[in-house]
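Q: Quick mapping for you: the protein sequence lines, in order, are chains A and B.
Using my numbering, the first residue of the first sequence is number 181, and each one after it goes up by one.
Using my numbering, the first residue of the second sequence is number 181, and each one after it goes up by one.
In short, the hints are calculated from the structure, not lab data.
All of these numbers come straight from a predicted model, not from anything done at the bench.
Warning: the hint list may mix true and false statements.
Cβ-Cβ distance ranges computed for the label pairs, FRET-style [as the list claims (entries may be wrong)]:
id: 1; chain 1: A; residue 1: 347; chain 2: B; residue 2: 195; range: 31 to 41 Å
id: 2; chain 1: B; residue 1: 245; chain 2: A; residue 2: 665; range: 51 to 61 Å
id: 3; chain 1: A; residue 1: 519; chain 2: B; residue 2: 279; range: 56 to 66 Å
id: 4; chain 1: B; residue 1: 300; chain 2: A; residue 2: 347; range: 53 to 63 Å
id: 5; chain 1: B; residue 1: 196; chain 2: A; residue 2: 258; range: 15 to 25 Å
id: 6; chain 1: A; residue 1: 719; chain 2: B; residue 2: 737; range: 53 to 63 Å
id: 7; chain 1: B; residue 1: 470; chain 2: A; residue 2: 689; range: 55 to 65 Å
id: 8; chain 1: B; residue 1: 611; chain 2: A; residue 2: 713; range: 51 to 61 Å
Away from chain B, derived, C-beta distances all over 12 Å, residues of chain A [unchecked claim]:
id: 9; residue: 218
id: 10; residue: 297
id: 11; residue: 367
id: 12; residue: 449
id: 13; residue: 450
id: 14; residue: 555
id: 15; residue: 616
id: 16; residue: 641
id: 17; residue: 679
Cβ atoms here follow ideal geometry from the backbone N, Cα and C, with glycine treated the same way.
There are 2 protein chains.
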Amino acid sequence: MKLSNLLGQRFKEKPAECKLDSHVFLVRGGYIKQVGEGIFSMFMPMKRITKKIENIIREEMDAIGGQEVMFPVVMPATLWEESGRYSAVGSELLRCQDRGGSKLVLGMTHEEAAVHLARNTASSYINFPFMIYQIQTKFRDEPRSRGGLIRVREFTMKDAYSFHTSQQDLEDYYKKCHKAYENIFARVGVPEVISVQSDSGMMGGKVAHEFMLVTDAGEDKLVVCQNEECDFRANMEIAECVFENEPQQAADLTKVHTPNTKTIDDICKLLNVTPDKTAKAVIFLKKESLEPVIVFIRGDLDVNDIKLRNFLHEEVIPDDNTTETGITYGFVGPINLTAKATVLFDSSLKGLTNLVCGANEVDYHYTGFNPERDLDTTIEYHDLSKAFEGCICPKCRKKTIRLCRGIEVGNIFQLGTKYTESMNMQYIDKDGNLQNPIMGCYGIGVGRLAASVCEVRHDDYGPIWPISIAPWHVHICAIRADDPQVSEVANNIYNELQKNHIEVIFDDRDVRPGVMFNDADLLGVPVRVTVSPKTLKRNAVEVVFRDKSFSQDFPTSSASADITALVNSLLS
Amino acid sequence: MKLSNLLGQRFKEKPAECKLDSHVFLVRGGYIKQVGEGIFSMFMPMKRITKKIENIIREEMDAIGGQEVMFPVVMPATLWEESGRYSAVGSELLRCQDRGGSKLVLGMTHEEAAVHLARNTASSYINFPFMIYQIQTKFRDEPRSRGGLIRVREFTMKDAYSFHTSQQDLEDYYKKCHKAYENIFARVGVPEVISVQSDSGMMGGKVAHEFMLVTDAGEDKLVVCQNEECDFRANMEIAECVFENEPQQAADLTKVHTPNTKTIDDICKLLNVTPDKTAKAVIFLKKESLEPVIVFIRGDLDVNDIKLRNFLHEEVIPDDNTTETGITYGFVGPINLTAKATVLFDSSLKGLTNLVCGANEVDYHYTGFNPERDLDTTIEYHDLSKAFEGCICPKCRKKTIRLCRGIEVGNIFQLGTKYTESMNMQYIDKDGNLQNPIMGCYGIGVGRLAASVCEVRHDDYGPIWPISIAPWHVHICAIRADDPQVSEVANNIYNELQKNHIEVIFDDRDVRPGVMFNDADLLGVPVRVTVSPKTLKRNAVEVVFRDKSFSQDFPTSSASADITALVNSLLS
Chain A
181 MKLSNLLGQR
191 FKEKPAECKL
201 DSHVFLVRGG
211 YIKQVGEGIF
221 SMFMPMKRIT
231 KKIENIIREE
241 MDAIGGQEVM
251 FPVVMPATLW
261 EESGRYSAVG
271 SELLRCQDRG
281 GSKLVLGMTH
291 EEAAVHLARN
301 TASSYINFPF
311 MIYQIQTKFR
321 DEPRSRGGLI
331 RVREFTMKDA
341 YSFHTSQQDL
351 EDYYKKCHKA
361 YENIFARVGV
371 PEVISVQSDS
381 GMMGGKVAHE
391 FMLVTDAGED
401 KLVVCQNEEC
411 DFRANMEIAE
421 CVFENEPQQA
431 ADLTKVHTPN
441 TKTIDDICKL
451 LNVTPDKTAK
461 AVIFLKKESL
471 EPVIVFIRGD
481 LDVNDIKLRN
491 FLHEEVIPDD
501 NTTETGITYG
511 FVGPINLTAK
521 ATVLFDSSLK
531 GLTNLVCGAN
541 EVDYHYTGFN
551 PERDLDTTIE
561 YHDLSKAFEG
571 CICPKCRKKT
581 IRLCRGIEVG
591 NIFQLGTKYT
601 ESMNMQYIDK
611 DGNLQNPIMG
621 CYGIGVGRLA
631 ASVCEVRHDD
641 YGPIWPISIA
651 PWHVHICAIR
661 ADDPQVSEVA
671 NNIYNELQKN
681 HIEVIFDDRD
691 VRPGVMFNDA
701 DLLGVPVRVT
711 VSPKTLKRNA
721 VEVVFRDKSF
731 SQDFPTSSAS
741 ADITALVNSL
751 LS
Chain B
181 MKLSNLLGQR
191 FKEKPAECKL
201 DSHVFLVRGG
211 YIKQVGEGIF
221 SMFMPMKRIT
231 KKIENIIREE
241 MDAIGGQEVM
251 FPVVMPATLW
261 EESGRYSAVG
271 SELLRCQDRG
281 GSKLVLGMTH
291 EEAAVHLARN
301 TASSYINFPF
311 MIYQIQTKFR
321 DEPRSRGGLI
331 RVREFTMKDA
341 YSFHTSQQDL
351 EDYYKKCHKA
361 YENIFARVGV
371 PEVISVQSDS
381 GMMGGKVAHE
391 FMLVTDAGED
401 KLVVCQNEEC
411 DFRANMEIAE
421 CVFENEPQQA
431 ADLTKVHTPN
441 TKTIDDICKL
451 LNVTPDKTAK
461 AVIFLKKESL
471 EPVIVFIRGD
481 LDVNDIKLRN
491 FLHEEVIPDD
501 NTTETGITYG
511 FVGPINLTAK
521 ATVLFDSSLK
531 GLTNLVCGAN
541 EVDYHYTGFN
551 PERDLDTTIE
561 YHDLSKAFEG
571 CICPKCRKKT
581 IRLCRGIEVG
591 NIFQLGTKYT
601 ESMNMQYIDK
611 DGNLQNPIMG
621 CYGIGVGRLA
631 ASVCEVRHDD
641 YGPIWPISIA
651 PWHVHICAIR
661 ADDPQVSEVA
671 NNIYNELQKN
681 HIEVIFDDRD
691 VRPGVMFNDA
701 DLLGVPVRVT
711 VSPKTLKRNA
721 VEVVFRDKSF
731 SQDFPTSSAS
741 ADITALVNSL
751 LS
């Protein structure tokens with residue numbers, strides 16, 4: 181490809197709307213163009229990158245026995261009504277009607293389509309297990325698309341679905357797929373991707389992992405154990421919190437006058453205690469019934485509302501104090517609590533002594549609150565708090581938890597029989613009985629993965645693409661293309677490399693070296709070959725790596741062969 | 181791939197809903213499964229076929245300098261409002277709204293997206309020409325999907341858009357693309373595809389060609405000159421009709437009483453003339469104004485409403501006789517025609533003498549009507565009739581026109597500046613003036629092409645896939661897979677062929693030979709290798725071609741190498 185023919189503009193100015201580095205470089209480098217909110221077109225370099233990622237994914241999916249299939253983007257609503265998700269999923273699911281008034285949905289995930297394809301087809305246990313996957317366009321009507329290709333509404337996704345006759349078989353396959361994902365991320369050039377336990381959300385199922393590229397640009401909060409011998413990693417959404425509280429000698433329960441103390445900070449200041457010596461009440465409402473839910477938790481911690489939702493098996497919303505609840509806001513405590521509410525205690529309070537808590541009376545708190553002593557009922561503690569820096573690892577039990585951020589580049593779920601039951605997919609087992617197959621599903625967002633690689637593989641001047649997914653292998657810069665010798669040597673190398681199946685972008689433009697090098701930086705091709713009157717005086721071309729790890733003169737006479745050998749060694 | 185693991189059922193019974201052979205075999209062979217009206221999922225064999233077709237297309241597009249890009253499936257309506265097509269296109273365009281109430285459309289074609297991508301990017305004449313293309317999912321809300329993958333609502337399409345600074349440059353590129361299309365159809369195994377002149381419909385532009393696979397299963401009517409020295413071929417929609425009428429001696433104009441003669445047949449019977457001796461009136465209404473349009477045409481011919489629409493520059497609908505028009509239905513003729521209507525004469529009447537025509541009076545006709553003599557005004561004749569078997573070729577002027585049917589597998593359009601003008605895409609020309617680029621566009625439906633190949637490459641038992649797009653190269657049937665020797669030889673060949681990069685499907689199931697061979701016929705793989713106790717007695721495996729053109733025993737000892745050589749010779 182000659183750069184003079186390549187559609188796409190490269191420029192210096194950082195676009196105002198771009199917050200993430202990957203977004204900046206993908207726009208500035210002529211990779212993508214925004215068409216609408218969360219909707220992008222891709223220029224040739226981006227399309228080449230995503231095709232390479234897709235092929236790597238395809239090879240790894242095929243290697244674990246995957247069958248590539250194709251599901252529709254547009255599906256009849258009836259299919260989603262069968263699984264119950266037509267009504268269960270919110271407005272992320274784009275709904276529309278065709279000319280005949282039939283309801284349609286745009287696929288944001290394809291469990292229903294996968295069951296539809298496999299149902300009545302795999303009807304005997306001998307047809308199992310199998311895995312089908314596709315690489316295709318999806319649409320998810322995100323309320324807040326952001327960061328270029330990091331969070332979009334329309335995206336290309338590899339989604340895979342496996343079907344099994346036993347939980348053990350699913351778990352074995354799940355491990356295989358986990359390994360295949362590790363291979364994929366390593367091959368696209370980000371071996372540092374970690375897998376974390378995660379919430380299965382609207383997908384259903386119990387066990388789920390997300391593959392996370394750790395970077396401050398990520399919007400997911402991760403909980404990672406720093407103990408080298410421990411492999412605990414979880415999404416903040418579900419990371420278990422454990423506490424080992426040493427009981428102190430119990431003080432007396434005392435009601436104290438605490439005027440104008442509506443917040444934990446106020447009361448701590450007044451009573452000269454730290455927040456971790458308080459039992460804070462955090463109040464939610466159940467989304468449907470608006471019934472209040474009061475969570476008592478150590479005053480320095482936050483309630484994890486995903487954990488709360490999963491515990492209650494229903495959505496909760498923050499209490500905005502406008503609903504009539506009978507609660508004495510600002511002074512809520514576990515003693516003499518008369519408001520009609522679901523009352524829960526977080527594990528952080530277990531074993532704590534001598535706490536400050538509200539007295540359910542305006543301007544009054546208790547000190548010396550000892551839960552086990554001061555409440556009539558046996559208290560059940562539940563894991564409802566958000567993990568925090570330095571908290572105890574639930575696996576190795578050391579205080580080695582660190583928080584970080586990551587971009588989710590893939591996920592895998594053990595779905596169970598949620599879809600095969602609701603959509604009535606059955607097979608006849610060895611004993612002649614009808615059974616629902618057990619499913620797993622496995623996703624990777626292709627465009628987001630490409631952008632994520634850029635997010636962690638760039639310098640101040642542009643992306644540094646790993647050669648496995650780089651739009652081209654070699655970028656030839658012909659400085660002073662009007663010089664016949666430069667032009668001849670550069671064209672010669674260009675033609676020879678192409679004959680050797682090396683992918684080359686050739687900057688044949690008559691532009692200043694600065695412009696040429698800036699553009700080369702923005703295109704991020706791993707190997708750059710500069711041909712100029714200066715290098716030719718040395719009877720050489722200059723070969724440098726985009727990541728600056730290599731810089732050498734290659735003799736003009738053997739340049740094509742030497743560059744080919746170099747690229748092939750990088751590719752292997 | 182082992183057939184025992186392949187998802188998809190093959191069966192004997194012809195599904196009632198399938199009319200076309202390709203539909204029958206794609207369903208019976210486990211290639212596709214219908215998800216909704218005109219919406220299908222693909223099993224692995226179909227996905228493999230379409231991927232191969234896509235790669236052939238990609239190679240040919242790249243060879244003519246195409247840059248593969250990616251446009252969105254879902255686009256903001258505002259983009260289509262810019263070109264005017266949001267309102268101009270009917271309900272084929274699926275419209276919907278996102279969670280914020282913004283209007284969206286599903287791409288049925290991507291001229292708008294192509295201009296959006298190129299606009300502000302290619303701003304100088306030195307950036308031209310260029311061609312961008314994508315291979316992607318489209319949705320067109322067809323009122324009548326039919327024939328499996330032949331006419332669907334959701335489909336994968338290669339659509340390409342070229343941009344030029346002169347009409348000559350467009351025409352040169354158009355020819356290149358025409359040649360690339362010929363290469364594509366030859367490479368996917370249907371070199372007999374012909375190109376015909378066609379109507380450009382809602383795309384705009386003047387010159388357009390469709391690539392047609394001639395088959396009775398096609399729904400397009402084609403007009404093809406049979407003269408071997410002539411290359412005239414056109415879609416019936418636009419095929420020009422020429423007439424060379426020899427005037428006879430003029431008879432007198434005579435009004436005759438013709439009771440109960442409402443049709444051409446009635447009047448011909450009564451007056452004992454053939455329909456070609458009559459001037460028939462065919463009445464339409466302009467779609468918007470409902471103003472009548474009367475076309476006089478030779479009695480044995482039909483009006484081509486596409487030609488009529490193109491002539492009037494507006495849509496027409498058949499007159500259903502319910503609108504108040506003042507027309508004397510059944511007796512409409514050119515003489516004393518007082519009804520307020522647009523009156524047109526088809527070229528078929530030019531030079532005809534002594535015709536029968538209506539007298540605009542109930543139960544009366546004229547005989548001896550001689551248009552030039554009997555009408556006051558000079559008559560303008562227009563090409564408004566449908567071509568017919570044996571009519572005069574507009575190119576070579578022989579009566580060698582034949583009608584046939586075809587499936588449109590591709591199309592190319594010279595769009596002109598319709599989109600670049602309406603969407604304000606401009607570049608600065610050599611002289612510093614702002615200009616709108618001239619566009620061409622070029623489409624191929626991938627799934628339809630696959631089904632079309634099946635339509636013309638099958639026997640009574642299933643598809644006969646050309647090796648270039650076959651789901652696999654070799655199909656191994658292990659008859660009596662329970663026989664250890666059969667199993668060993670078959671597995672050995674399977675493994676060896678895979679090592680040699682031959683694509684193999686291996687029927688390792690313990691099923692009867694009849695079932696095995698039926699399934700092999702349905703999968704249509706070009707080379708079949710049968711291993712059975714019988715062939716092993718001959719120290720051989722049997723190698724046959726799906727199209728029956730080859731059948732030979734290969735010695736067991738060298739089978740893998742021999743089959744590899746055979747397949748490679750077929751592929752080259």
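Q: Which numbered conditions among the earlier hints are violated in the structure presented, ordered from lowest to highest?
A: Hints 2, 3, 8, 9, 10 not satisfied by this model.
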